[in-house]
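Asker: Sequence:
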Amino acid sequence: MTTLSNIWFGATQPIRAVARAFVFFIKVFPMLPSRLIDRVTTKPVIEKVSYPSRTGMVEGEVYRPPSDGPHPAMVVCLGVVPFGVEHPQVPVLGKALARAGFVGLLYWSPTMRDFRLDPEDVENIALAYDWMIHQPYIDANRSGLLGTCVGGAFAIMASATALVRERVAFVSGYAPYSSMWTFARDIASASRLNGEVRETWQVDQLTRRVFVQSLTAWLPPTEADLIRGAVAEDGSPLTPQELSADGQAVYALLTLPDPQEAEEALQLLPSGMREKLTALSPMTYIHDVHAPLFVHLHDVGDQVIPVGESRRLQAALKGRSGMHYTEMNFSHLDPVKGKLPFFKLLREFWKFFTAVYPIFWQACGKTKVG
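Residue numbers for the sequence shown follow the working numbering, so the first one is 1 and each next one is one higher.
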């Protein structure tokens, strides 16, 4: 009987995966009609929870199917978003996951909400994931991490930590960066690589703000405020006499040097800052990612994080089994902003569906991780 059950389970896995992926696809894009999906799927349960971090217990929300499970789980790092946790867009992803059979925990970083990046979030995400997979309604063998924008980079880094690396079935990122070193060079110089050619890049205001906020946060508060004011649009230039040696190094990097000057300015940062840049780089961690499935996507014209970052990540992982990379033509995850013609939009929707399908296939199987 067990053999017949396993045969049936394996035979129906693609069907179940397609159904779950379709539900997620319809629900995650609010512009798509989804009333029929609401009728044939169960309403998600939303629970307030407390989970551990480096600084103590923090509160969050879990979105899950109403049944006992066990269900696959996903810890989602939304990265730096320009709105608060109460924004109506926030529950969309969690509810989409729950209707598709996942338990979703949306990880909100206080640091990222302050428009800063800090290596401590890598461990905090891993702690949240470890807590999640120990819940009685979770199947750890079918669970993983997902992140968007810089959150994608942090999901990759968290999946490599010793605490959880053997218990992650998949890791996925939409528009992650690969190295804070190359990303910082591109932001500072307002340029990016397109193949072998470096071209001008109109850096997104959010990207620039996070870059400035993160670098200056590693300085004394008074000096940090001074530099932030100076590099603002209406700011006035500073003289070397107004800054410490560390402040001068940071200010030099923030005053729009060309790519070569940016490279040199990065190397002149204090050693502690250089160590943090390395600690914030997925390239530092990728060989410790043991997840059997690695899915990432990136928009070709992304103004927040250049597509070259994902291409470098893809090149570093070339030949690895379970690797899936897709280039999209949305506008930083948004299919509406790009104003694509109808048939091109349909093509991009299909690309998105086929890109995320492996996650649902993995979640519908019986793969043992670790």
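Treat the hints as calculated values from the structure; they're not laboratory data.
Keep in mind that the hints are not guaranteed to be accurate.
[Unchecked claim] Straight-line distance between alpha carbons at most 30 Å, and here's what the computed BS3-like set of lysine-lysine pairs gives:
(1) 344 / 318
(2) 351 / 43
(3) 276 / 351
(4) 276 / 337
(5) 95 / 318
(6) 95 / 337
[Claimed, not checked] Derived CB-CB ranges, DEER-like:
(7) 205 / 351: 26 to 36 Å
(8) 272 / 233: 39 to 49 Å
(9) 337 / 208: 17 to 27 Å
(10) 66 / 229: 30 to 40 Å
(11) 343 / 35: 52 to 62 Å
Even for Gly, the Cβ is constructed at its ideal location relative to N, Cα and C.
Asker: So, for every hint listed, does it hold in this structure?
Answerer: Hints versus structure:
The hinted pair formed by residue 344 and residue 318 meets the criterion: a straight-line CA distance of about 28 Å does not exceed 30 Å. At roughly 27 Å between alpha-carbon atoms, residue 351 and residue 43 fall within 30 Å of each other, so this suggested pair holds. Annotation: proposed proximity of residue 276 to residue 351 is violated, straight-line Cα distance about 35 Å (limit 30 Å). Distance check on the hinted pair: residue 276 and residue 337 sit about 34 Å apart at the alpha-carbon level, beyond 30 Å; violated.
Between residue 95 and residue 318 the CA atoms are separated by roughly 34 Å; this puts the pair beyond 30 Å, and the hint is violated. The hinted pair formed by residue 95 and residue 337 meets the criterion: a straight-line CA distance of about 23 Å does not exceed 30 Å. Between residue 205 and residue 351 the C-beta distance comes to about 28 Å, which sits within the given range of 26 to 36 Å. Here the CB-CB span from residue 272 to residue 233 is close to 29 Å, at odds with the stated 39 to 49 Å.
Look at residue 337 against residue 208: about 19 Å separates their beta carbons, and that is inside 17 to 27 Å. About 51 Å separates the C-beta atoms of residue 66 and residue 229, a value inconsistent with the hinted range of 30 to 40 Å. The hinted window of 52 to 62 Å between residue 343 and residue 35 is violated, with their beta carbons roughly 25 Å apart.
In this structure, the hints that do not hold are numbers 3, 4, 5, 8, 10 and 11, in rising order.
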